[in-house]
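> Okay, here's what each chain looks like letter by letter:
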Amino acid sequence: MMKIEFEVNGKPVSVDVDPRLSLADCLRSELGLTGTHLGCEHGVCGACTVIVNGAAVRSCLMLAVQASGDSVVTVEGLSNDEALTPLQASFRKHHALQCGFCTPGMVTTAHALLTHEPDCDEDRVRDVLSGNICRCTGYVPIVEAVLDARAAYGSKGE
Amino acid sequence: MSVRPANSFIGSPIERVEDLRFLRGRGTYVSDLNRPNQLHAVLLRSPEAHGRLRGIDCTRALALPGVHAVIKASDLGARVPHIPLRLQPLPQLEPFHQPMLAFDKVRYVGEPLAVVIADSAGIAEDALELIDVSIDPLPAITDKSSADAAAAVLFESHGSNRAMVWTATRGDADAAFASADLVLKESFRVQRHAAMFMEPRGFVAEWDVESERLTVWGAAKVAWTNRRILATAMEIPETSVEMIEVDVGGGFGSRGEFYPEDYLIPAASRIVGRPIKWTEDRREHLMCANHARDIECDVEMAVAKDGRILGLRGMAYADIGAYFRTNGSVGPRNVAQFMSGPYKIENIHLQTTQLTTNKTPSGTYRGPGRFETDFIRERMIDLAAKKLGIDGVAMRRLNLVADADMPYPLASITPYDSSTELDSGDYHHVFDLCLEKFGWNEKSALQGKLIDGRYHGLSVGSFIEGGAAGPKEDARLVLETDGSLTVYLGSSAVGQGLQTIMTQIAADAMEFPFERIRVLHGSTSHVTEGFGSYHSRSTVMGGSAILLAADKLKAMIRESAASKLGCAASEVQIDGETVVTKGASHPLAGLADKPLEAEATFFNKKYTYAYGTQAAHVSVDPGTGHVQVHDYLSVEDVGRMINPLTLHGQAIGGIVQGLGGTFLEHLIYDEHGQLLTGSLADYLMPTASDFPVIRSITLELKPSPNNPLGAKGAGEGGIIPVGGIIANAVANALSHLDVQPMELPLSPPRVWRLIRDAQEAKRSM
Amino acid sequence: MPILAFRLAAPEMLVDLKYVEGLDRIAIDKDGVTLGAKVRWCDIEADERLATAHPLLAEAIRHVAHYQIRNRGTVGGSLAHADPAAEMPGIAVTCDAVLTLAGPTGERQVAAAGFFEGALQTSLAADELITQVHLPAWPAARRWGFREFARRRGDFALAGIAAFYDVDPRGRAVDPHIGVIGASDRPRRLARAEAALSGKVVDSASIAEAAAAASAEVDPPSDIHAPADYRRALVATMVERALAHAAR
Numbered sequence: 001m002m003k004i005e006f007e008v009n010g011k012p013v014s015v016d017v018d019p020r021l022s023l024a025d026c027l028r029s030e031l032g033l034t035g036t037h038l039g040c041e042h043g044v045c046g047a048c049t050v051i052v053n054g055a056a057v058r059s060c061l062m063l064a065v066q067a068s069g070d071s072v073v074t075v076e077g078l079s080n081d082e083a084l085t086p087l088q089a090s091f092r093k094h095h096a097l098q099c100g101f102c103t104p105g106m107v108t109t110a111h112a113l114l115t116h117e118p119d120c121d122e123d124r125v126r127d128v129l130s131g132n133i134c135r136c137t138g139y140v141p142i143v144e145a146v147l148d149a150r151a152a153y154g155s156k157g158e
Numbered sequence: 001m002s003v004r005p006a007n008s009f010i011g012s013p014i015e016r017v018e019d020l021r022f023l024r025g026r027g028t029y030v031s032d033l034n035r036p037n038q039l040h041a042v043l044l045r046s047p048e049a050h051g052r053l054r055g056i057d058c059t060r061a062l063a064l065p066g067v068h069a070v071i072k073a074s075d076l077g078a079r080v081p082h083i084p085l086r087l088q089p090l091p092q093l094e095p096f097h098q099p100m101l102a103f104d105k106v107r108y109v110g111e112p113l114a115v116v117i118a119d120s121a122g123i124a125e126d127a128l129e130l131i132d133v134s135i136d137p138l139p140a141i142t143d144k145s146s147a148d149a150a151a152a153v154l155f156e157s158h159g160s161n162r163a164m165v166w167t168a169t170r171g172d173a174d175a176a177f178a179s180a181d182l183v184l185k186e187s188f189r190v191q192r193h194a195a196m197f198m199e200p201r202g203f204v205a206e207w208d209v210e211s212e213r214l215t216v217w218g219a220a221k222v223a224w225t226n227r228r229i230l231a232t233a234m235e236i237p238e239t240s241v242e243m244i245e246v247d248v249g250g251g252f253g254s255r256g257e258f259y260p261e262d263y264l265i266p267a268a269s270r271i272v273g274r275p276i277k278w279t280e281d282r283r284e285h286l287m288c289a290n291h292a293r294d295i296e297c298d299v300e301m302a303v304a305k306d307g308r309i310l311g312l313r314g315m316a317y318a319d320i321g322a323y324f325r326t327n328g329s330v331g332p333r334n335v336a337q338f339m340s341g342p343y344k345i346e347n348i349h350l351q352t353t354q355l356t357t358n359k360t361p362s363g364t365y366r367g368p369g370r371f372e373t374d375f376i377r378e379r380m381i382d383l384a385a386k387k388l389g390i391d392g393v394a395m396r397r398l399n400l401v402a403d404a405d406m407p408y409p410l411a412s413i414t415p416y417d418s419s420t421e422l423d424s425g426d427y428h429h430v431f432d433l434c435l436e437k438f439g440w441n442e443k444s445a446l447q448g449k450l451i452d453g454r455y456h457g458l459s460v461g462s463f464i465e466g467g468a469a470g471p472k473e474d475a476r477l478v479l480e481t482d483g484s485l486t487v488y489l490g491s492s493a494v495g496q497g498l499q500t501i502m503t504q505i506a507a508d509a510m511e512f513p514f515e516r517i518r519v520l521h522g523s524t525s526h527v528t529e530g531f532g533s534y535h536s537r538s539t540v541m542g543g544s545a546i547l548l549a550a551d552k553l554k555a556m557i558r559e560s561a562a563s564k565l566g567c568a569a570s571e572v573q574i575d576g577e578t579v580v581t582k583g584a585s586h587p588l589a590g591l592a593d594k595p596l597e598a599e600a601t602f603f604n605k606k607y608t609y610a611y612g613t614q615a616a617h618v619s620v621d622p623g624t625g626h627v628q629v630h631d632y633l634s635v636e637d638v639g640r641m642i643n644p645l646t647l648h649g650q651a652i653g654g655i656v657q658g659l660g661g662t663f664l665e666h667l668i669y670d671e672h673g674q675l676l677t678g679s680l681a682d683y684l685m686p687t688a689s690d691f692p693v694i695r696s697i698t699l700e701l702k703p704s705p706n707n708p709l710g711a712k713g714a715g716e717g718g719i720i721p722v723g724g725i726i727a728n729a730v731a732n733a734l735s736h737l738d739v740q741p742m743e744l745p746l747s748p749p750r751v752w753r754l755i756r757d758a759q760e761a762k763r764s765m
Numbered sequence: 001m002p003i004l005a006f007r008l009a010a011p012e013m014l015v016d017l018k019y020v021e022g023l024d025r026i027a028i029d030k031d032g033v034t035l036g037a038k039v040r041w042c043d044i045e046a047d048e049r050l051a052t053a054h055p056l057l058a059e060a061i062r063h064v065a066h067y068q069i070r071n072r073g074t075v076g077g078s079l080a081h082a083d084p085a086a087e088m089p090g091i092a093v094t095c096d097a098v099l100t101l102a103g104p105t106g107e108r109q110v111a112a113a114g115f116f117e118g119a120l121q122t123s124l125a126a127d128e129l130i131t132q133v134h135l136p137a138w139p140a141a142r143r144w145g146f147r148e149f150a151r152r153r154g155d156f157a158l159a160g161i162a163a164f165y166d167v168d169p170r171g172r173a174v175d176p177h178i179g180v181i182g183a184s185d186r187p188r189r190l191a192r193a194e195a196a197l198s199g200k201v202v203d204s205a206s207i208a209e210a211a212a213a214a215s216a217e218v219d220p221p222s223d224i225h226a227p228a229d230y231r232r233a234l235v236a237t238m239v240e241r242a243l244a245h246a247a248r
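Residue numbers (the working numbering), protein chains in the order written: chain A, 1 to 158; chain B, 1 to 765; chain C, 1 to 248.
Some hints here could point you the wrong way.
Derived DEER-like restraints, expressed as beta-carbon distance ranges [what the hints assert, rightly or not]:
hint, chain 1, residue 1, chain 2, residue 2, range
1, C, 109, B, 452, 55 to 61 Å
2, A, 16, C, 109, 52 to 58 Å
3, C, 10, B, 416, 46 to 52 Å
Derived contacts from chain A toward chain B, CB cut-off under 10 Å, selection only [unchecked claim]:
hint, residue
4, 11
5, 12
6, 13
7, 14
8, 41
9, 77
10, 91
11, 97
12, 103
13, 119
14, 122
15, 133
16, 139
17, 140
Some chain A residues well away from chain C (every beta-carbon gap over 12 Å; in silico) [to be verified]:
hint, residue
18, 70
19, 82
20, 127
21, 131
Keep in mind the hints are simulated off the structure, nothing from the lab. Yeah, the Cβ is synthetic: ideal placement off N, Cα and C, and Gly gets one too.
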């Protein structure tokens, strides 16, 4: 077991983990943050996407011990508020989710994208989201939702 | 029984209630649950496709610290329980039922052999590597030719790998073929692929030693049926089992059918005496959850020279894998029964032979049998039109079932007798509307054109979507003492927004505010009996049951109000939060001392048939074989929409799944019966950059006469015609080479090879 | 990591380079571009200097995997993993890159062409690590093209071609480099295709010759994603398109 300290959703955490434990499993089973979902555990589906030091990454492809000293944001940490964030509200408005399983990964990925690139175009949104598999929606409403949420991230508009 | 327009939630694009939790990571899926003192299960699965099981030596595994038990077939009692069929439970299929654990033979890679119970899933997986399995291999049967060659048979007692034959008949097919101007005979193949929902399957099961009661979290789709199967297998009363549905990450036909793990995890909990949690990984999912659509088909079409289709004849071979699963016959049967689709074809003799092979057993996947059979039919129509030198659009218009012909009977099918008829629809109107909205006339100049190195093609085709399977559904409505309404339902949520849709229906039926309604569904404690979510049935069946229960509950509310307010029950009006009569009113809260409760059952024997037309514009890159979809439009009439937002979403999602099945998705086996596509890097699903332009229009043109909502089962439709439409568009793009795709998927290598072969054929002419 | 998740490997020890300093620099000078082993795909994407300092690298790296992977995947990791369809090894071989390897006895430098020994196999010793890769200087007038074809955006290429050449005063290709990924057991340069182009004006005729030579020269694998004959034909298509882009 190894003891690691890092920050999750703005709060410091300290956990003893097996070195082989993935960051995703650590978040889910050690820290109870079950919003991070595991759809494939081999780095393809994107459901486990979290934001590490500002960058969207797959938490199934990272060991928990590698997050030592990092700042991790999960879907639960996108807002401390009871209300939906503008991005989340846009997902709801556009019916960008059905079963909801891929949704945390979609939302964290889109949040990271819009934070860094509030003026991204549809091609860029599709390119970035192509690392997240959704089986229900056909992606059309997800792309609409992300494009529609750009304004809330300071997009200068088109 | 009626829906008054005081509220108008039905038909409105209401934002979903479910989204509030899903978007914030607050959904509760089964793998999010944990029970105190729980242990974890991992399954030992067969590494061989076919063989005699000689022994399983667990000595080393049991010695590993943290391992509690390894459960083998011999631990399951004197006779290993088998999984019965849920649909078409023909007695002659009993030999093909799957045992919960293999005990004499193994018949596919991934078949469960034992259950390892340990402190963590990781330790249990470590233990798997310490188990020695001894299997004497037998020749693997992996396709139709090896099934027929029968170097080995899967079920020696049956003696053949051909398990059974379905026969669909209507009119006199042979006479129609004798009188036809053109008889077209072709062979088609559709590849094995699967529903591939995103949340892996899983259960948490807890056997209470004291009360001998079992609780199972992770129920889905058909909880009541599965409770019956589980209770029978465990030899306990049904009432001792509670099945609890939590959030469910997609179903599409596959999730919620009874799999071996549905029994093994609860049984393990009873054996070990502690709660057991199990979640499959994606590789297991690919090897173990139902596969679908694996058919080849030789089919003939009889056509008059004006383009009228006179008859269909043929034989399909459905490779169903190693066992008959709960709904394993639905797809193969539908191939035969629904090949005529929305077209008036009076003479039919179509059969499907179900073949057993050493591959994962199959079941339904959205639009079961219909995706396959529509590929065949729409291709045949274009091939016939080409032979006759007539326009495929005109030929389709000529053959669509006319409004005046409704209800229109389809072929009936045996041995599990089933007759059905198209209920209502203006197929021609929708067909023409699709052409108009697609811009067919403007775009048709592109047909076959080479632009910037790509050949462009268009196509159009129509489909029907069956829905609303009976026999019945239950709903229980409770007016709580605080004046709120609770709706208990036998329907199940698989991600389709059931909670929102049922709230909408209940709000209108009860004339209640949306926010005052709570919908609980899918768990066996909610209603006496439930039939779940399959065959696009939830909205029609569950929704209609709500209407019936609402009528009863409103009568009860009026009675209570009448006695409280001293008037006749008929004078009482309910307006959401109060009951009103002449000169007096009373809030619903506190109207009665205890909750008022009404339960009702909606019975239905008749299916609904939503229908529609889709059109596509594609281009083909001859250098890579890549097909780009430039535009895809679906127009569908669903009779009545409850929520346009969710329906539209399902239509588009279905189309993209269909495009996945058409271009990308393929479960590939080698000749030894090993699955070669064991990860999502090998089993390719559509991603956000693959199909950017998908459009859908939903209409409320012809309500179903078969239910009080007028709704038709919808949500599968999008997927159904996609394979046929795309294949025709590719053929049209490459018409200068006479390229004719007869097999899916249209992967770049396949399209490239079709082009190359056509070029070579042309050169040698 | 997927290899671990599938339990195809169970290493006794894993070393994370997270706290090793100085490996995350992109250095550009007159001798070329030097990428530290810890440089991530997103760092290359974000470095605007590379559009002129090494446009072929910048273009090829746009095709690497997906957003989340590009945020974590590194140059050193890709080179060490040596997937025959990966872009970075392909660029390293095509551009005659030199890798610096550090071990207990110090550093050594190896040419990329000799580093890759087969699918997922390299000459890296168990006690060595890659510290950097150096790509020789890129003349501003150099012509180049990169094309790959994958089943979906971000998937490994079924075949890909990186190509560049300089142009002499009479418009002829000088010292053409044509490298292939995804259609061979390792990234490699295609000598016969290069020869077919060398000293010629790059036009449809010489491109067709180079494409045919490349197609004949590769020995692609057959697998579930594509048969060998398809990959062979695809190589020709990619050569045509990469060179057409170069000559545009």
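> Work down the list of hints and note, for each, if the structure agrees.
Evaluation of the provided hints:
The supplied range of 55 to 61 Å is broken by residue 109 of chain C and residue 452 of chain B, whose beta-carbon atoms lie about 45 Å from each other. For the hinted restraint 52 to 58 Å between residue 16 of chain A and residue 109 of chain C, the CB-CB distance of approximately 42 Å leaves it violated. The hinted range of 46 to 52 Å is satisfied by residue 10 of chain C and residue 416 of chain B, whose Cβ atoms lie roughly 50 Å apart. At a threshold of 10 Å, the smallest CB-CB gap from residue 11 of chain A to chain B is about 15 Å, leaving the interface hint violated.
The interface hint given for residue 12 of chain A is broken, as the beta carbon of that residue sits about 20 Å from the closest beta carbon of chain B, more than 10 Å. The beta carbon of residue 13 of chain A comes no nearer than 17 Å to any beta carbon in chain B, farther than 10 Å, and the hint placing it at the interface is violated. At a threshold of 10 Å, the smallest CB-CB gap from residue 14 of chain A to chain B is about 21 Å, leaving the interface hint violated. Hint on residue 41 of chain A holds. Least Cβ distance to chain B is approximately 6 Å, under the 10 Å limit.
Interface restraint check: residue 77 of chain A against chain B, minimum CB-CB distance 9 Å, threshold 10 Å, status holds. For residue 91 of chain A, the suggested interface contact is upheld, since its CB lies about 6 Å from the closest CB of chain B, less than 10 Å. At a threshold of 10 Å, the smallest CB-CB gap from residue 97 of chain A to chain B is about 6 Å, leaving the interface hint in force. Contact between residue 103 of chain A and chain B, as hinted, is supported at the beta carbon level, the nearest pair being about 5 Å apart and thus within 10 Å.
Given hint, residue 119 of chain A at the interface with chain B, is violated; its Cβ is 19 Å from that chain's nearest Cβ, farther than 10 Å. The beta carbon of residue 122 of chain A comes within 7 Å of a beta carbon in chain B, closer than 10 Å, and the hint placing it at the interface holds. Because the smallest distance between the Cβ of residue 133 of chain A and any Cβ of chain B comes to about 5 Å, under 10 Å, the interface hint for this residue holds. A hinted interface residue such as residue 139 of chain A counts as satisfied when its beta carbon comes closer than 10 Å to some beta carbon of chain B; here the least separation is about 4 Å, so the hint holds.
Hint on residue 140 of chain A holds. Least Cβ distance to chain B is approximately 5 Å, under the 10 Å limit. Here residue 70 of chain A does not stay apart from chain C, with its beta-carbon only about 9 Å from theirs, under the 12 Å limit. The claim that residue 82 of chain A lies off the interface holds: its Cβ sits roughly 29 Å from the closest Cβ of chain C, which is beyond the 12 Å cut-off. Taking the minimum C-beta to C-beta distance to chain C, about 6 Å, the non-interface status of residue 127 of chain A is violated against the 12 Å cut.
Distance to chain C contradicts residue 131 of chain A as a non-interface residue, since its nearest Cβ pair spans about 3 Å, not more than 12 Å.
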